[in-house]
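Residue 1 is where the sequence shown starts when you use the UniProt record's numbering, and the numbers rise one by one after that.
Hints were generated in silico from the structure; no laboratory data involved.
What you are looking at is a predicted structure, and each value in this text was computed from that prediction instead of being measured.
Treat the hints with care, since some could be wrong.
[What the hints assert, rightly or not] Each computed SDA-like pair below joins lysine to any residue, with the alpha-carbon atoms no more than 25 Å apart: (1) Lys651 - Ile146; (2) Lys233 - Leu99; (3) Lys168 - Lys651; (4) Lys168 - Phe517.
[Stated by the list, open to error] Okay, the calculated beta carbon distance ranges per label pair: (5) Ala422 - Val196: 38 to 46 Å; (6) Gly910 - Asp615: 51 to 59 Å; (7) His305 - Leu181: 45 to 53 Å; (8) His47 - Gly910: 34 to 42 Å; (9) Thr114 - Ile436: 19 to 27 Å; (10) Val383 - Val357: 40 to 48 Å.
C-beta atoms are modelled at their ideal positions from N, C-alpha and C, and glycine is treated no differently.
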Amino acid sequence: MAGPKYKDKDGGVLLTFNGQWVSWLHTIIAYSAFISALIVGVSLHYHKIVENEFYGYPQEWFPSVSATIGDRYPERSFFMIFIAITSGPRFALVGLFYLLTRKPGSKLPGFVATMGFLRTLTCGGWTYITSTDDHDWHDILMISYIVATIPWTTGCIALSPANPTAIKYRKYLASAFFGTLVPLIYFFIQHKVHRVAGAYTIYAFFEWALILFDVGFDAVTALDFDACEISIKDTKGISKGVSQAAVPSAVLEKEKEAAAAGGALSIRFTWSEAFDTAADVYHGFVFWSMLTSLGLLVWFFPLWHMGISGYEAFVMSTISPLFLGFGPLRSFVVHNLRLVHLLSLAGVAAYLVHDPVLRLCTVGFGVSMSALGWAGTLHSEAVHVARFESKVLALIVGLIMSSTAKFAWHTNNPIWPVMHAANGGWNGTGLVLGLIAAFRFARRAPLTANSEIASDGPAGSSLLAALGLGGLFFGLHSLLSDTSTMILWVWEGFPIRGPYFSTHGWFTIAAMSAGVFIGLAKPNVAASWSSLFTGTVGAMVVTYYSHWFGYYGGLLIATYLSAVSVPLISSACRKNPGVTFGLGFLFYNFMVLFHVWVVAYAFVPGGPLVREHTDWVMISMMVLLGFGVLGYNTSTIKSTPRRSGGSQHRKYFGAATAIINVLFLCNAFMRFPTNDYKPYHPEDRVLTAGIWTIHFSIDNDMWSSEYRMRDLIKELEVDVIGLLESDLQRIIMGNRDTTQFLAEDLGMYVDYGPGPDKHTWGAALLSKFPIVESKHHLLPSPVGELAPAIHATLDVYGELIDVFVFHSGQEEDPEDRRLQSEYLSKLMGSTPRPAVLLSYLVTKPLEGNYNTYVSETSGMHDVDPSDWDRWCEYILFKRLKRVGYARVSRSTITDTELQVAKFVIPQSAGEIQQLEAQSADERNRRVEEHSVPVGWRFPAMFRGEGVRDHRYHVFNEPRYYN
Numbered sequence: 001m002a003g004p005k006y007k008d009k010d011g012g013v014l015l016t017f018n019g020q021w022v023s024w025l026h027t028i029i030a031y032s033a034f035i036s037a038l039i040v041g042v043s044l045h046y047h048k049i050v051e052n053e054f055y056g057y058p059q060e061w062f063p064s065v066s067a068t069i070g071d072r073y074p075e076r077s078f079f080m081i082f083i084a085i086t087s088g089p090r091f092a093l094v095g096l097f098y099l100l101t102r103k104p105g106s107k108l109p110g111f112v113a114t115m116g117f118l119r120t121l122t123c124g125g126w127t128y129i130t131s132t133d134d135h136d137w138h139d140i141l142m143i144s145y146i147v148a149t150i151p152w153t154t155g156c157i158a159l160s161p162a163n164p165t166a167i168k169y170r171k172y173l174a175s176a177f178f179g180t181l182v183p184l185i186y187f188f189i190q191h192k193v194h195r196v197a198g199a200y201t202i203y204a205f206f207e208w209a210l211i212l213f214d215v216g217f218d219a220v221t222a223l224d225f226d227a228c229e230i231s232i233k234d235t236k237g238i239s240k241g242v243s244q245a246a247v248p249s250a251v252l253e254k255e256k257e258a259a260a261a262g263g264a265l266s267i268r269f270t271w272s273e274a275f276d277t278a279a280d281v282y283h284g285f286v287f288w289s290m291l292t293s294l295g296l297l298v299w300f301f302p303l304w305h306m307g308i309s310g311y312e313a314f315v316m317s318t319i320s321p322l323f324l325g326f327g328p329l330r331s332f333v334v335h336n337l338r339l340v341h342l343l344s345l346a347g348v349a350a351y352l353v354h355d356p357v358l359r360l361c362t363v364g365f366g367v368s369m370s371a372l373g374w375a376g377t378l379h380s381e382a383v384h385v386a387r388f389e390s391k392v393l394a395l396i397v398g399l400i401m402s403s404t405a406k407f408a409w410h411t412n413n414p415i416w417p418v419m420h421a422a423n424g425g426w427n428g429t430g431l432v433l434g435l436i437a438a439f440r441f442a443r444r445a446p447l448t449a450n451s452e453i454a455s456d457g458p459a460g461s462s463l464l465a466a467l468g469l470g471g472l473f474f475g476l477h478s479l480l481s482d483t484s485t486m487i488l489w490v491w492e493g494f495p496i497r498g499p500y501f502s503t504h505g506w507f508t509i510a511a512m513s514a515g516v517f518i519g520l521a522k523p524n525v526a527a528s529w530s531s532l533f534t535g536t537v538g539a540m541v542v543t544y545y546s547h548w549f550g551y552y553g554g555l556l557i558a559t560y561l562s563a564v565s566v567p568l569i570s571s572a573c574r575k576n577p578g579v580t581f582g583l584g585f586l587f588y589n590f591m592v593l594f595h596v597w598v599v600a601y602a603f604v605p606g607g608p609l610v611r612e613h614t615d616w617v618m619i620s621m622m623v624l625l626g627f628g629v630l631g632y633n634t635s636t637i638k639s640t641p642r643r644s645g646g647s648q649h650r651k652y653f654g655a656a657t658a659i660i661n662v663l664f665l666c667n668a669f670m671r672f673p674t675n676d677y678k679p680y681h682p683e684d685r686v687l688t689a690g691i692w693t694i695h696f697s698i699d700n701d702m703w704s705s706e707y708r709m710r711d712l713i714k715e716l717e718v719d720v721i722g723l724l725e726s727d728l729q730r731i732i733m734g735n736r737d738t739t740q741f742l743a744e745d746l747g748m749y750v751d752y753g754p755g756p757d758k759h760t761w762g763a764a765l766l767s768k769f770p771i772v773e774s775k776h777h778l779l780p781s782p783v784g785e786l787a788p789a790i791h792a793t794l795d796v797y798g799e800l801i802d803v804f805v806f807h808s809g810q811e812e813d814p815e816d817r818r819l820q821s822e823y824l825s826k827l828m829g830s831t832p833r834p835a836v837l838l839s840y841l842v843t844k845p846l847e848g849n850y851n852t853y854v855s856e857t858s859g860m861h862d863v864d865p866s867d868w869d870r871w872c873e874y875i876l877f878k879r880l881k882r883v884g885y886a887r888v889s890r891s892t893i894t895d896t897e898l899q900v901a902k903f904v905i906p907q908s909a910g911e912i913q914q915l916e917a918q919s920a921d922e923r924n925r926r927v928e929e930h931s932v933p934v935g936w937r938f939p940a941m942f943r944g945e946g947v948r949d950h951r952y953h954v955f956n957e958p959r960y961y962n
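Make the full structure from the sequences, and use the hints.
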């Protein structure tokens, strides 16, 4: 490596040096910033910088990067000084790489340079704004840095000059960088969620490894810059440099062009194609958004009718492609696809319709047009491989985008018709983008309007293809339309022994992303019998097993469903679309009803025949997919992978999928549990507990009710609340989870309760106090619907308190309710600790099964035996000092009020004995509000008329007890 040389002033060149100096300066100074801070920090503040929120030395013995560079003086100053000096070589490195790789007509080098420039700026942002200074801006800038690293890294590899050594090192270092993220996240979760001693030290090693790989990746530019010589020239002869022998300056342009001519990857980037890809993916997102909203709106009506309502017929909106079976109608649709796709946006605009019936009709129309438009588009494009692949990718990547959007909105889709501005919806924005995307999506004329695509041999069975499509769309919808669905299938309570919805949901997205491109590259492998067997194993594992092992099966079926979607859709589109898509959606609808019947068996004809048989649903899904695989393999029309040179659209969709994955990870970072959960009145040792039947989080006007629920729970200062009718992880409920939003927004721990594969209507627990352990129970239900229960142990101000959340069977099944009362009474009596029951009992006060729940066996007392106006919701307790009880009207949120009670936690065994020795008269003696401490009182805002139609009712005020 040649050092700098001074030139003869007569030649005009003052200084010339090899381009490698830029890389080496950047590498040395950047490493010096981190290493100097580490050395100084370990020397001066070792015990302080290895300490975290849970542990210190010796459990934790190596500092993290953030603790080293951001927490203390003077190591923070060392880091900031060196990192500031690094900025000069860093900007020079980005600029020089751009000059080296730019080509006429190529916009990719400019884009990569822009990302490198932004990455440098955001690095300065999170460096100089620490989490101590401003936590939000530090996180925003850090996430922006990570996001910009993706295109910078991939772009540098794509544009790498023809230097095999440099290409090899870039691939190794990039793989090491992104591969390190997996164990990094794992050990951070072990520390943050599971609080494992020593986990943060291991995390710190991976964090330092990321720094080494990140800087090392940019150091590889030294191998490229070796071909460059940088000259500083005096063009006016005013300098008086040191006289030396004149050396002619290097001619950089020829070397740069020669180096750039042999790039590692050839990517033709145009904004038009990028815009086409974005429009296609967004239009696919709109399709899935409307399809996933239909069942949710249909469910609203039987929910209020407590049985078949007639509106269930709208599930058949999807079979509109049957019209494509008739030649004239098919010709009309194919030649007017833009009109059909624009009409389908009625499903997005439905939020403007306030009447629930009319809104359902509008969405039904939109879904029918969308299914019709997509079937017509896929069939008409099937003769052109690139255009057809783009549409298939748009459909599947659109599902990935839909799942990502639902994750960002805590399992609600921002453009669903149950959303609007008041509950976090982005419907107006979604509609405008949908119009633009629909125009772009359908801007090209269809390539064919024929009923069947010409082939050299038999096209195979249309019926088999339809069966396969039915199973495929059901699998994609029921399992993959929300990343938390399969995680909740394998959830078994605390302590956490498996995946967690907010920290591991990306694994499902990654499996889907990998699957779709496996299916694209190897369609015949994806549609092979061995792959079907593998997918079936995954389906059975996620159905029958819990925790991580069960979730591994879920990832397997996620990969398989995404992969097999490419060949199965390809095969179906080359046949009569009226049969393949029309009947395919009909079979899909049968599977949706089957999937509902297994839990709604008490309300539907023939329900008991399939009671609690999710395993039958999964087997049926795989059998349908098997028919599709059979049809694909007996057809001569198979998908043939294209060579990379003719598949630019794949690269665009690959980039779009990568961007969606990055956005998901950014949202996951923002949603990571903070564990900063504080009760409302710790100074008084008060626990405020509530019970609420939330009616599946759809209010009386068919709007999603999470925001309104959040406001009431927060304003009532509820520390622990049981939610009933809370399992929403089914197609008919939108595959949602209200508890995620409530827990994260209110700062509470959450136990979802028995998962969706347990066939209940749901019972959930949210708590400001740590959940030490929880167990799920399915109580005896020989005739009626299953009765779920949670038995959780909470750490309340250092004392272990048991909380039970329970939903009993319905009124029509007295034997079920009798058996359940006996089971739960024994369960509550089994704990020697103080306890609270938050329940839905379906009994009258002081009568019948009430005397089993409130008995010597259970040891439980009624929160207020004089409250005669109860039928369903009850709060019971033992070994606690009950100090207040109130009933609060629901407004239009649900059909059941919110009941709350306040308890003071005893501090000693002596206090508990005194409470147990109280007579019923002593325990239930009421006092005036002014005689109890302020911290024991309920909020005054709900007195009188209250707020937003929430007020104290029945008693017209809270009750207090001595």
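Results of checking the hints against the structure:
Of the supplied pair hints, the one linking Lys651 and Ile146 holds, its CA atoms being roughly 21 Å apart against a limit of 25 Å. A threshold of 25 Å between alpha carbons decides the hint, and for Lys233 with Leu99 the separation of about 18 Å falls inside it, so the pair holds. At most 25 Å may separate the alpha-carbon atoms for a hinted pair to count; Lys168 and Lys651 meet this at roughly 21 Å. Annotation: proposed proximity of Lys168 to Phe517 holds, straight-line Cα distance about 24 Å (limit 25 Å).
Checking the proposed 38 to 46 Å range against Ala422 and Val196 shows it holds: the Cβ atoms sit about 41 Å from each other. At roughly 52 Å, the beta-carbon separation of Gly910 and Asp615 lies within the given 51 to 59 Å, and the hint holds. Checked against the hint of 45 to 53 Å, the pair His305 and Leu181 passes, with Cβ atoms roughly 49 Å apart. Here the CB-CB span from His47 to Gly910 is close to 40 Å, well matched to the stated 34 to 42 Å.
In this structure the hint that Thr114 and Ile436 lie 19 to 27 Å apart at CB holds, the actual value being about 24 Å. Between Val383 and Val357 the Cβ separation comes to about 42 Å, which falls inside the hinted range of 40 to 48 Å.
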